[in-house]
Every structure is written in C-alpha cells, then in structure tokens.
Amino acid sequence: MNLKEIIDTIEGELLVDAPDPVDIRHACCSDLMSDVLMFVKPNMLLITGLTNPQAVRTADMAEAPVIVFARGKYPSRETLALAEQLEIAVVVSAYTMFDTAGRFFEAGLRGLGKLPIVHQS
Amino acid sequence: MKSRFTLLSLLGRDGGLSKVHELIREIRVSRVMTTTLFTVSPDALMSELKELMREHHISGVPVAENGALVGVVSIEDLIHALENGKLAHPVRDFMTSGNLIIARANEPVVEAVQRFEVTKIGRMPVLDTQDRLVGIITRGDIIEALLSALEEVYSEAERVHERPDYFFEALESDSTSLMLRYTVKPRDFSRGGDASAKIKQALLRIGASPILARRVAIATYEAEINLIIHTDNGGMITADIKPDEISVLAEDHGPGIEDVELARQPGYSTATAEVREMGFGAGMGLVNIDRCTDDMHIWSSAGIGTRLQMIFRVSPEEIKRDEAG
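Protein chains in written order, with our numbering: chain W, 1 to 121; chain E, 1 to 325.
Keep in mind the hints are simulated off the structure, nothing from the lab. Note that beta-carbon positions come from the ideal geometry of N, C-alpha and C, so glycine has one too. Careful: at least some of the hints might be erroneous.
Said to hold, decoys possible - Simulated coverage check for chain E against chain W, where a stretch passes if three residues somewhere in it have a Cβ under 8 Å from a Cβ of chain W:
#, region
1, 179-188
2, 214-228
3, 273-286
Only chain W is shown next, with the shape it has when bound in the complex (with noise of 0.2 Å):
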C-alpha cells in the first residue's frame, strides 16, 4: 500500500510526506510503545492515538515508515518536526482508532495476526 493509499482508506490528511515511496505490508494498532516495537516488522504501518513526539520516535525504531493518527488528533508541532527529520510520514484520520483500523483491514492490510497468551502479573 503506498502513501496515496493510505490517504484514501481513512480520507485522511497528509502532515508530513515521506521522500521516498512507501510501501506498506502489514499494520500495528498501539497506544503502548511497548507493544509496537514487540511487533516490530519493516515496512509496517503504525495507527496509534498516542502524538506524542515518542510515537514517531518508536516508528523510527520500529522502522515504520508512515504514522497515522487516530480520531482527528493533531499532533504537535514538536512531534511533526520530530518526523519531518527522521523521515517518516504522519497521516492524521478522522475515523476512531476501531475504525481506522478497520478500514485498513478491509481494504487488505493485516497486522500480525495470534500471539502466544502470556498471563501477566
């Protein structure tokens, strides 16, 4: 999937452009940075709520090459300048982070699919 893509499925807006074509394979929904770079796979796409400048700076270690936030947040201009120098590229959707993803699942992105179920303390 590539940036244009990823534009239409949420009828997003772009922030920040990429310098390079992306091409997307699989997706990480996240809010826990944690878990993002748990899944960490190249050319992945990453949908978290969270605008903090972290969030860019854990898809630059996850090397995910485009960020989308989720219901209509709009990052801050730290986070966007944070972006801009690492490279990567921030979509802003107005869909909820449920239908966001959705839309993305729909239209052929998959995540990572079952994990081992660990219990927690």
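Fit chain E to the supplied structure of chain W, relying on the hints for placement.
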C-alpha cells in the same frame, strides 16, 4: 622563474598522480566535451559574434556552414576586428580556417590534453567519426571532468573504509572496541530515544547488519526510556562495540528496583498514570529487552541504583538471518 601551470604538469610526468593518469586514459572526449553548442555562420557579422560571446560568456565559437566545420573564431579575432573598426565585416574575414586543430569524440582525453599543450590553443571543436560537429572542448572542461571523476573514486574508497572489517582492522590492539557514551536526563521525554538512535546510526555506519542494528536500538530504547521514567537523576548509556560482540550498559544511581524478578514479569509496572498516558509503563520494557538481546544481566539494589547490561553477539548467523529477512 615562475613555472607555468599546465595540464601535463598537473598529471605529473613521473606518474605521481597515477589515478589521474588512469582516468585521463580511460575517459573519452565525448564524456568531457560541452554539447550545448553555439556556432556562427561564416556570413554572420563580427558585431553579431560580439553579442553571442557577450550573452553566453564564451570566448570562442566554431564556424559552421551546412553542418560542416569551416573554421573557428575566437575573442582574439574579435579584438582584431574591433581594433580595425571592422565589426560590420563577416566572420569569414577573421576566422581561422584550414589546418584546424580538432578533437575526436571517441579519442581518450589524454590525446586532447597533449594537443592543447603543443598548440597552446584554448578550445577545440569536437567531430564525430563522420566529421560532424558534435561539441567543443576546453581545458576547463577537462579539469572539471577529472575532478568529478576523482571525487567518485575517493567517495568509493571512503565507503569501503566504512565497513567494520576495515574499521577494526585498521586499529591494532589485542582487543579493540569502540565506546559510545550518552547521558540520559530524568523526565526528558522530548529527547528520549536520542542515544538509541545515535547508537543505531553508528552501527549502520560501520557496517552492522540492519537486523542487528535494530535489535540493539530497540533494547537500548527501552532501557533509555526506563532511565527517563524511573530514575531520580537520570543515568548513563555506554555502548561497547567490538567486532564480535556489542555490549550496552544502562546504569543509574537510584532509586533501584525492589524486586528484580517481579520487574521482569510481563505487565508488571510501577509507572505513574502520567507516564502511562504517554504510551509507556506497560510493563513490557524488560520483556522486550530480553527478547532483543542474546544475554541480559540486571543488577539492582533499592536505594543504590540499577545496572542493566545487554549483550548482542555479532555472529555469522546474524548475517545469514539478515539475508533471509
């Protein structure tokens, strides 16, 4: 006596600049010449030539008639016309024709250089094998092309040196390592990830595989965030990079972890609501670090501090894994 700066002396007759020698024999005139070509007709007036030269900042123009080269007219010829008040005369009267010195598009640049040296002229029209005028070559064109070719050669050499084998092989010792140190401030979320990103960049620069660099970056990032979230006074991150192993140490002076075993359980967290709001403190940090490292040692004492050592092995398998991924 002042020695004259010539192209041949630049080349060093004794072969001192052997790379330049090589290039000048390799490169053909066609790669060096200017192809955006201005020509004048022999019937054009010297005043028109003056305008053409002024407008395009050129000092010599080939004279062509029906596509064939019939002469060359230079700024010296124009001065000659000016001195004699003959600007209204045709170019034909002032141009050099007959025994024209030309270059061939397919000859090596070294031939052109020698011709420039022998004849002392400033430019040569370039003809193809069918005697068609295809360009013009000056000494400046040659110097420019050589410089850019040299730059390519050097940047290629530099890239080779960036490879880790070369990097470490160049330094002789019983055990060589590269140490990178970073200070992490408490609660400084805006700079969180800086150290990890810089370590990752350094690893990639010296030629680590992208997968290894990613593993190190993710584990270090979790450790860095822990220093930001949990410590009283921040801490230090030190990466010790060896050809076969990378060790990253995150240490702080408090408050320390009460129960290390408990802290290693997935989902266990002491983070505040505020920190959780920022997307951290899900209790997965140490679990994630464990997953990314080949070995991890954590030592902590309440009231004293914490030392977290993360070991990453640089094995041939790592390289294989990377190729597969």
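Now the hints, each set against the structure:
1. 179-188: Since 0 is below three, the answer is violated.
2. 214-228: Holds, because 6 residues of the region 214-228 of chain E bring their Cβ atoms closer than 8 Å to Cβ atoms of chain W.
3. 273-286: With 7 residues closer than 8 Å to chain W, the region 273-286 of chain E meets the three-residue bar; holds.
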